[in-house]
Amino acid sequence: MNESTPLVRVRGLVKEHGDGESWVRAVDDVDLEVPQGQTVAVMGPSGCGKSTLLHLLGGLERPTSGEIWVAGRRTDGLSERALARLRRRSIGFVFQAFHLVDELTAAENVELPALLAGRSPRAARRRADVLLEQVELADRARHLPSELSGGQRQRVAIARALANEPQVVLADEPTGNLDSAATLDVLRIFADLRATGQTLVVVTHDERVAATADRLISMRDGMFVDDTQLAGTGTGRLGGLVGLEG
Amino acid sequence: MQDAVLAMLAKEPSHGYELRARLRRSLGPFGEPMNPGQIYVTLARLEKAGLVVCERSDAEKPDRKVYAVTPAGQERVAAWLTEVGWPKPDLVEFHLKLVAAAASRLADPVELVAAQRRELLRTLREAQQSALSEPPGSPATALLEGVVLRLQADLRWLDACERGYCRRRDESEDA
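Top to bottom, those sequences are chains A and B. The opening residue of the first sequence carries number 1 in the working numbering; numbering runs sequentially from there. The opening residue of the second sequence carries number 1001 in the working numbering; numbering runs sequentially from there.
This is chain B alone, in the form it adopts within the complex (with noise of 0.2 Å):
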């Protein structure tokens, strides 16, 4: 959060009020959750770490302070802006599960696949249900589709483990 305000000052000193109204924009359904005081926080974090400074205030109107990013500030976004680093999916646990379900019996792997398959499918629903009723022209689509492409693949990847666990069971069974 921290790196996204500063990035939003770099295109023109701005206040509080104003970065939380297009962080809002940007974010569409997912910004309606935040919490406003959230913003306010950060800049001061930002101002006590020398990447931004208060231009301007005023008095009557504390949310009003006009911050602006510093030369180090500058640097971190930039800095921010090209690096490659990419959130890591968590499969791994649902997959020890299955292992795990598979070895001990205490549970079908099969099922368990369907209870995952009908709650991503239910998040899926909600999501696309969102991306159709955002404004045309609206930058959260994008995020919205980011979200519809990963849980498309995630249940794609569970079908792939459903025919593997279907197979394992059909040769244990047979033999």
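In isolation and in its complexed conformation, chain A is listed as follows (with noise of 0.2 Å):
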């Protein structure tokens, strides 16, 4: 894969959801190319297809009919198999609801999909070291997710995620659990991440996670409405809103 080819690409993307009266179109017809590196939210109502959109990406879902490109390889006619490995090894995922292994302690959580994917536990173990450490989390490793805050859950999630070293992350809503401090905390990660040239596909409602992106897309009724580059056009006018000139 050469450097100006879009790490993810779609093209002509429709989901369809149900039969008769329930039958909805949750993705109509998207076209999204996200080039390597690039930070990406995705905002809209409830029930917009955003989610199902991030779904169809990170082939959790398969779609209707359009095609699917990660990191130079089409994955929408891939097999259960395959997809399987490629969610392992490509794709990372942050959910709102954290999904860690109850049973499993902080470090454990992180380790296990580096352990799926076939590395040794000791280089398993070496880097949720690492990855604890860098959403600063080191003294809770041995923790179980019962003992730690929402905030803490969402990042040994995040951590969890970056096991594998994957191309993209996926993140659903990452901050719809948390209270403000916390969010902030996810947000300063998501920085980290960004400023490492790590690609990351967020849907959110949450206007601040928008905001930390390089480009916003809008959905609504399953279409792209708005797709807009946030990053380096500052307004320079902070100093206006409180109440000083800017």
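Hint data in this document are derived by calculation from the structure and do not stem from the laboratory. Predicted model only: the values in this text are computed from it and were never measured. Please note that a few of the clues may not be correct.
What the hints assert, rightly or not - Per label pair, the in silico range of CB-to-CB distance: (1) D192/A to P1139/B: 21 to 29 Å; (2) S1172/B to V225/A: 15 to 23 Å; (3) S1172/B to G72/A: 43 to 51 Å.
The beta carbon of each residue, even a glycine, is placed where N, CA and C say it ideally should be.
Could you fit the two chains together into a complex? Lean on the hints.
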């Protein structure tokens, strides 16, 4: 894959659910290209199709029609087995409800994807140590999820998503269950990831999360209605907002 | 600005240089573009109004004049601190813009909302980045959080405007 090939590329993507009265077209003929290293936020009202889009990108759902390419590889027609392998190796997922394994410690949760991908226990452990350090939870490595706050659990989940050095991280409402301070911790980690060139697609209701992205896509009724670059376009108007001339 | 400078002096007598440094610490990124002469102009005005007095001055360093609050100044500080005035958000202009656009059909209100949302999100991005780069425990964090929360409220108002105008548009298309 050369530099100019987008890391994620989608053509004519359609996803329909249900039939008869309950039939909906959740994603309606969407095209998207995400270059390597870009952070993209997708916003829109509930039911606009943004979570379905993320699930399609990550191979958690299959499209009704259209093409999906991730890291130079077409994924929409892959077998279940090949898709599972792709999800393990190339994609990191972060969910609103964390989805940690309750019986495993923070460190064991972070090691799990590396072990499943066939890394040695030692390598998995080393990687988990580095990642927990990165999300500032090294001192909680031996704690079970039930012994951690919501914000700490989400940070463990982010560390887990990074275990296999994924080419893209997909996050679905990552701050949906968090208070303001914990949200800020997650935003700080996302800002660090962005600085290291991690490609990231995040679906969110939270304007603060969206505002940390390079690019913002607005969705309505399964379609993109706006696509805006946020990066590098400072308005220099902050001073005016606090009563000081900016 | 006059009230804020006066209130800072209520802690202890101080000179302009020190006041400026304290103000900058409180304001974080907002303090940086502040004109350095502004504090001295403000102190001179407060002195003229009898709210502060110059306690002592060093002839070699005129910017090291030490000022103290007078009893009248104390009273003014107490009144300022307990006053419950609040800045008015200016929503009327944008609202009337949308009304005019819809009535005259010279512009699409939904498009105006989208353009405004992009602008606010860019500002929010700036505020968020400033908040993330403040050192831990910085007093300016609270100010930046206020900016972020107000922008979020404005963005929600834009969503509400958009829903309203989308509904109206759909209804007029059905009719």
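Are any of the numbered hints broken by this structure? If so, which, sorted upward? Every hint satisfied by this model.
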